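Q: Assemble the complex: chain A is given as a structure, and chain B must be docked to it using the hints.
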Amino acid sequence: MSQPNLPASEPLKKEGVQTELAREARSREVADESGHVLRAEKATIRFGGLVAVNELDMSVRPGEIYGLIGPNGAGKTTIFNLLTGVYKPTSGAIYFRGKRVDGLRPYEIARRGVSRTFQNIRLFPGMTVLENVMTACHLHARQNLFDAVLRTPRYARDEREHREFCIELLDIFGLSRFRGEGGTSLPYGNQRRLEIVRALATRPRLLLLDEPAAGMNPSEQDDLLNLIRQIRDRFDLTILLVEHNMKVVMGVCERIQVVDYGKSIALGLPEEIRNDPKVIEAYLGD
Amino acid sequence: MPSFAKRAAAAAALVVAIVVANAMLSEEGLFGFGVPRYWAHVLMLAGVNVILAVSLNLINGFTGQFSIGHAGFMAIGAYSSAYLTVYHAQAWERSLGGAVGETAAGVVVFLLAILVGAVVSGLAGLVVGVPSLRLRGDYLAIVTLGFAEIIRIVILNMDVVGGATGFTVPGETNFLWVGSFAVITILVVHNIVRSDTGRALISIREDELAAEAMGINSTRYKVLSFVIGSMFAGIAGALFGHYTKFLSTNDFTFLRSFEIIIMIVLGGMGSITGSVLGAVVITILPEFLRQLPAVGGYNLADLRLVIYSALLILIMLTRPQGVLGEREFGFNWLRRAQKRPEGDEAVGAGGGVPIDERPARTVANEAGGDAAGGGEKR
Numbered sequence: 001m002s003q004p005n006l007p008a009s010e011p012l013k014k015e016g017v018q019t020e021l022a023r024e025a026r027s028r029e030v031a032d033e034s035g036h037v038l039r040a041e042k043a044t045i046r047f048g049g050l051v052a053v054n055e056l057d058m059s060v061r062p063g064e065i066y067g068l069i070g071p072n073g074a075g076k077t078t079i080f081n082l083l084t085g086v087y088k089p090t091s092g093a094i095y096f097r098g099k100r101v102d103g104l105r106p107y108e109i110a111r112r113g114v115s116r117t118f119q120n121i122r123l124f125p126g127m128t129v130l131e132n133v134m135t136a137c138h139l140h141a142r143q144n145l146f147d148a149v150l151r152t153p154r155y156a157r158d159e160r161e162h163r164e165f166c167i168e169l170l171d172i173f174g175l176s177r178f179r180g181e182g183g184t185s186l187p188y189g190n191q192r193r194l195e196i197v198r199a200l201a202t203r204p205r206l207l208l209l210d211e212p213a214a215g216m217n218p219s220e221q222d223d224l225l226n227l228i229r230q231i232r233d234r235f236d237l238t239i240l241l242v243e244h245n246m247k248v249v250m251g252v253c254e255r256i257q258v259v260d261y262g263k264s265i266a267l268g269l270p271e272e273i274r275n276d277p278k279v280i281e282a283y284l285g286d
Numbered sequence: 287m288p289s290f291a292k293r294a295a296a297a298a299a300l301v302v303a304i305v306v307a308n309a310m311l312s313e314e315g316l317f318g319f320g321v322p323r324y325w326a327h328v329l330m331l332a333g334v335n336v337i338l339a340v341s342l343n344l345i346n347g348f349t350g351q352f353s354i355g356h357a358g359f360m361a362i363g364a365y366s367s368a369y370l371t372v373y374h375a376q377a378w379e380r381s382l383g384g385a386v387g388e389t390a391a392g393v394v395v396f397l398l399a400i401l402v403g404a405v406v407s408g409l410a411g412l413v414v415g416v417p418s419l420r421l422r423g424d425y426l427a428i429v430t431l432g433f434a435e436i437i438r439i440v441i442l443n444m445d446v447v448g449g450a451t452g453f454t455v456p457g458e459t460n461f462l463w464v465g466s467f468a469v470i471t472i473l474v475v476h477n478i479v480r481s482d483t484g485r486a487l488i489s490i491r492e493d494e495l496a497a498e499a500m501g502i503n504s505t506r507y508k509v510l511s512f513v514i515g516s517m518f519a520g521i522a523g524a525l526f527g528h529y530t531k532f533l534s535t536n537d538f539t540f541l542r543s544f545e546i547i548i549m550i551v552l553g554g555m556g557s558i559t560g561s562v563l564g565a566v567v568i569t570i571l572p573e574f575l576r577q578l579p580a581v582g583g584y585n586l587a588d589l590r591l592v593i594y595s596a597l598l599i600l601i602m603l604t605r606p607q608g609v610l611g612e613r614e615f616g617f618n619w620l621r622r623a624q625k626r627p628e629g630d631e632a633v634g635a636g637g638g639v640p641i642d643e644r645p646a647r648t649v650a651n652e653a654g655g656d657a658a659g660g661g662e663k664r
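In order, the protein sequence lines correspond to chains A and B.
If you count by the working numbering, then the first sequence holds residues 1 to 286, one letter each, in order.
If you count by the working numbering, then the second sequence holds residues 287 to 664, one letter each, in order.
Next comes chain A alone, as it looks inside the complex (with noise of 0.2 Å):
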C-alpha cells in the first residue's frame, strides 16, 4: 500500500516558517568580501594515482541558483564530498562565507549553515517522518542531556518548538499527513522531498542538491524545476545543484559549471554552456 506521489508543482502552502527562515537567512550577511557565499580556490583531491578533482575553482554568488554538471564519473559528487567535508581536499582551499571550511568535519560544515541531500536517498530508515525532519534540527536544539534525562521545562519547550516547526515545514511541502510513517516507506518522490525537508531544518544559508532529479520521469523532473525555484524565493537560500540531467540544469540554473574528468571546462549562463564546443566534445565524445 503506498500513496500517490505528490505532484511537486504543488504550490508550497502558507508563510510563516518559510518568512522565518528567510529573515533569519537575510539578517545574517551571507557574502564575503568579494561577493560570493561559496568559494573553491584550486581545490585538487587525489586518490592514490587518480586526480578526482583537479585544480577547481569556484564562486557562487548568493541567492543563486547554481549548477554543477558534467558526464558521467567527471567528478561532480567528489567535488560535493569536497564542499560538505566528507573528504578533504590534498591542496586548494574551500571558503564558505570568507571563511576556511576545508579539513572541517561534516557536522562542523554543516553547523555553519551548509546543508545537502544525497545522490541515493540517505533517510533515516528506522525513524518516521517527522522523526527524520526533527532529527535536524539538531543544531538547535537547546536541551542538553540533562534536560532530557530530568524531563526539565527547558526539554519540553524546547521538544514542542521542534516539532511544531518541523510539522509546519513538512505542512509546506505537503508531507505533514505521512508524519508518523516511516521515512523510507514513502513512495520514491516524497522520500527526495522529504530529505529536502530534512536539509532545510538545519536552517541552512546553502543547500546542496546532489542529482535531485535521479531517477524522475520528465514530468516529475518539471515538477522538480518548479519546487527548486519556490525554496530558493521563499526560503532565501543559495542552491548549488549537481546534475547530470541536461534539461534540469538547463531549465533551473542561472549559472552553470561544467566539470569533466575533474576539471573545469566551461561556466557561464545556461545558453552560453549550451553552445559551448567542449561542453558538446565532453558529452557527446569526439
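Because the hints were derived from the structure by calculation, they are not lab data.
A quick note: this is a predicted structure, and the numbers were derived from the prediction, not measured.
We put the CB at the ideal spot given by N, CA and C, even for glycine.
Check each hint, because a few of them may be wrong.
So the derived list for chain A, only partly shown, Cβ under 10 Å to chain B, looks like this [stated by the list, open to error]:
#1 E108
#2 F118
#3 P125
#4 Y155
A: Here is chain B on its own, set in the frame of chain A:
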C-alpha cells in the same frame, strides 16, 4: 504527556512494588509469603541483568555500535566499589554514624560506593571509547572484547583487590537497591532515547554520513552513549559484587559479555522493554530448565543446555529482529492499532491539494493513517 498526579501515582506504585518485592525476596518473607531462597537469588540476578542489558542496549541497540565488552566495565564497577566498602566504608560509617544514625550511614556509604563504581567505569568507558569508536562493526566488536579482557587481566594481577584468590566483599545489596537502580536505568535510557540526544544516537545507527551532514558530531555522541552505558554497567557490577559477597575475575569473562548480548538480541535491539524481557528470560530460563521432570525414566533436566540452545536458535530463526524488534511493549500496544497521528485531519484537507486528486488521496490517506498509527508497515 501524563499529568503530574498520574506520574506521582505511578512512582508511588513503583516504590510499593519494589518494597513488597524486597520483603518477599528476603529470608523472612512478607507476612510469611516469600519466594524460595533459590528463586530469590535468581530474581536478584535478573535485576542486575536488566541494568546490564538496558545499558548495553543504549550502545548496541540505539547507537548501533556493536560493543561486546560490557563485562569489563561491570568488573571495574564491581571492584572499585568493593575496594571502597572493604577498605574505607567502616571508617566513613563511623564518622557519619554519629550524625545520622547507623543505618542511614550504611545506606549513604553504599550509595557512594555504587556511584564511585559508576564514575570509574564511566571514565574507563571514555578511555576505551575514544580510540575504539573510530572503528565500525566487527572491528569495534573485537577491540571492545580485547579491552574487556585487558581490564579483567589487570584486575586479576592487582593484589590489593585479592588478585587470583578473589575478593571478599561485605553483602550490602538487597532488592531495594537492585530494583531501584533497574528502574532508574530504564527511566534514564528511555528519557535519553526520546530526546534530541536520542535522535542523534539513532540517526548515527541509521546512517552515520547523513547524521553528520545534519550537523551531528557522531564521534561525540558515540562516545557519550558508550560512557553512559559503561556507567550503568559499573552500577550493575557494584550491586552484583555486594550481593554475591565474593568477587572473582572469572565472573567477568567475555562469556558474560556474550550473555548480555544474547539478552538484547533476543529481546530486540533498540527496544528497552525488549531488553528487560531478554534479561529476565535469559536469567530464568536455564534455572527453569533445571526443574524439568523426568520423562520415561529419562531426565529431561540433563538436557537443559541442549534445550536452552535449541530455544535460542528457534527464537532467532523465527524472529531474527528479537522478540520485540524495535518496538516497545506498553499500554499503547493495544491502543495503537486504531490511533491516527494527532492533528492528521487538519492537514491535507485544506488548500494546496489539486481538486482532481483529492478523493484518491483521502482513501489512501485513511489506509495509510492506520499504518502510521501502528507503525508496523514494514
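Q: Are the hints correct? Go through all of them and say.
A: Taking the hints in turn, this is what the structure says about them:
no.: 1; hint: E108; verdict: 8 Å, holds
no.: 2; hint: F118; verdict: 7 Å, holds
no.: 3; hint: P125; verdict: 6 Å, holds
no.: 4; hint: Y155; verdict: 7 Å, holds
Every hint, counting from the list given before, is met by this structure.
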